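S.K.: Please take these sequences and the hints and turn them into a complete structure.
So the sequence lines, in the order shown, correspond to chains A and E.
Under this note's numbering, the first residue of the first sequence is numbered 586, with each subsequent residue one higher.
Under this note's numbering, the first residue of the second sequence is numbered 2, with each subsequent residue one higher.
Read the hints as simulated data drawn from the structure, not as lab findings.
On a predicted model such as this, the values are computed, not experimentally measured, just so you know.
Every residue gets a Cβ at the ideal spot worked out from N, C-alpha and C, and that includes glycine.
Any given hint could be a false lead.
[Stated by the list, open to error] Sample of chain A residues facing chain E (criterion: CB under 10 Å; computed from the structure):
1. 603
2. 688
3. 714
4. 718
5. 725
6. 726
7. 731
8. 733
9. 737
10. 738
11. 778
[What the hints assert, rightly or not] Below 30 Å or equal to it, Euclidean Cα-Cα: the simulated DSS-like pairs (lysine-lysine) are:
12. E:204 / E:79
13. E:79 / A:707
14. A:707 / E:77
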Amino acid sequence: MDFAANLFSTGTLSQILVGLSRTTILFIVSSGMSLILGVLRIPNVAHGSLYMIGAFAAWSVIQFLGGGLFAFLAAMIVAPLVVAAVGFVLERGFFSYLYEREHLMLLLLTFAFMLILGDLVKIVWGPEYRSVTVPAFFQGSAEIFGLPLPWYNLFLLLVGPCIAVFLWLVINRTDLGKLARAAAVDGEMVGAVGINVGWIFAFTFVLGSFLAGLGGALIAPMVNISLGMDHSLIMETFLIVIIGGLGNMWGALLGSLIFGLTQSLGILIWPQFGIAFPYLAVVAVLVVRPRGLLSSTW
Amino acid sequence: MRKGVLFLAVFLSAFCMVGSGDAGDTIKVGFVDTYTGPATTFTNDVLDGFKMATEKINAKGGVLGKKITYVTRDDKFKPDIGLTMAKELILKENVDLLVGTINSATALAVSDLCKKEKIPFIVTFSKSDKITGEKGHRYVFGMNENTEMAGRATARALSKKKFVKYWIAGDDYEYGHAIANGVFNHLKTLNPKVQLLGQSWWKVGETDFTPYITQILAAKPDFVIVATGGGGMVNFQKAAQSTGFNKKVPFYQHTAIELSTLSPQGQNAPEGVYGTANYLFYFPDTKENKAFVEEFRKAYNRYPKSGALYGYMTAQFIAKSFEKAGKVDREKFIDAMEGMTLPSPVGNMEMRACDHQVTLPMFFGVTKKSPKYDFLIAGDIVSVPGKDYMPSCAEIAKVRAK
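M.R.: Structure (structure tokens):
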């Protein structure tokens, strides 16, 4: 097989765009995880479960409103809010009591919640697959050098940068964001000057959960919504956060880009082993920079 | 020393009691299957089909004056848990035979155990052809189609089409490769003109197929064999619909025309997808099938899927075999089951004596919209009878001798 010919074919641009749309979902979910990891120091194993709840909630909203573009847009707002509420309950009800303890306890608690939330989803939505369709507005695909690029993927390409800008504004331009950054670097000091660190943590966890829910809602039209979708994602998200630099938002973006692009270009170059490319990239990054590409907040 | 003898005596008598377990007034069936996670969409139908049949049998007085009862154990899709559960069912629950499971690795492990313990084991949903092929033995039975059978049946149907340049893509694990190679290798022998243009393999649970699809389209094959299973079926079909893949290149997925794949997508599933299935509730349009669908809908308020047929027929085969055996004896049960033929909603089914594999028809069709249902169904259905596509007894003997 001529790898070079594959790489420099007309399919390359289309493949890059497809890879970038995948990056969007990965970035939205992993930025939420990175945020929680950076500020609260919790490797939140239940993050994938929040993403799954987002997808199921989106299905419910669209079902309730009877489909169509309006129902879809409503679901993109309501589902993440539902997940944010779940996050609020988790943080205030459980995690907040354990910050003083060892991190291992927190890790175990998130693991327990991964199992519990999985069962809750099964109780609420049942074990069957759910499926929502891309609203008519986004159906069909654009042609790029004769190859199809679905309009929905193009829509995701627009959403990604918007989320990145939004996060940048929240973290760099709001007081809460600034405090969260400060708490990430030195939580004790922030507490010492009389600021309620607990509420900063709650805010961060809720924002992180919102992002997980948004990722789930956005991917809902592309996949079958089923139990177990949390597991397939959590691994990739962890790797992205690790190669990007623990807790670093831009690291999450960079990691997602590496993951999304190496995969889609890998498929182009050598389709039989396309799945290996992102993992090879992870290994390469870890060999060169074991602490991640950008500075870690840890 | 004396303690040791006492212990041995107690142990041996306990063991003997376990061995002579058919003294009760029931025939106890142990189910080891996956009852957590996405696979339940298939396994619940098996259990419901089984329940429906046994309730009817029991209402008529049961078998040999005994009622058929069952116990279930959840293997959580993990072979080690499945094996532990099977052991527990044999030793503690004292079941007369075992039924399960959707996980091929679990099925093979439990099959091995049943061979040692001399307990009949009826496999209801896992698709590995090793179960009744290479690793087959006296105590294991196959109640559904396997990858080899699906491959042969599909190759037969595809060899009549004009496609030449093929592409293979699928889930990068045993099932994916077994299906894809099963189809293509048999196709190659039936039609030597076909050529393999390339292959793509993705990880199990892949969610976004768009990058794979664009790549396959760029290579311009005539036909694509897509070997996904479970939830991947829906994911791939969604991506095919949004990229228009199905309109550009025809493709095939085993079970693409099954209700479990098509019903969650409603009217938005892609049209023109080739697929195979063992059971369709609307085909064949016979009295027997209609009666089965009616009965199932009355009991569970939904259409039966393939699993319902497997569970239903498992119960029928168990009842009839014990009846023929004349008593609850495992060895006599196996002798009775060998070569038994029973009517089913899709025609007569035979439990082949040579490999303990049931003969089922395979339906090959293309997805299309229907005014009658709010989901897509299969059209242009070709029914391939079991005897036309199953490996012959001589072939089975050959792989088992290896």
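S.K.: Indicate, hint by hint, whether the structure satisfies it.
M.R.: Cross-check of the supplied hints:
no., hint, result
1, 603, "5 Å, holds"
2, 688, "28 Å, violated"
3, 714, "4 Å, holds"
4, 718, "4 Å, holds"
5, 725, "7 Å, holds"
6, 726, "5 Å, holds"
7, 731, "8 Å, holds"
8, 733, "4 Å, holds"
9, 737, "6 Å, holds"
10, 738, "6 Å, holds"
11, 778, "45 Å, violated"
12, E:204 / E:79, "18 Å, holds"
13, E:79 / A:707, "19 Å, holds"
14, A:707 / E:77, "14 Å, holds"
Consistency note: the structure conflicts with the earlier hints numbered 2, 11.
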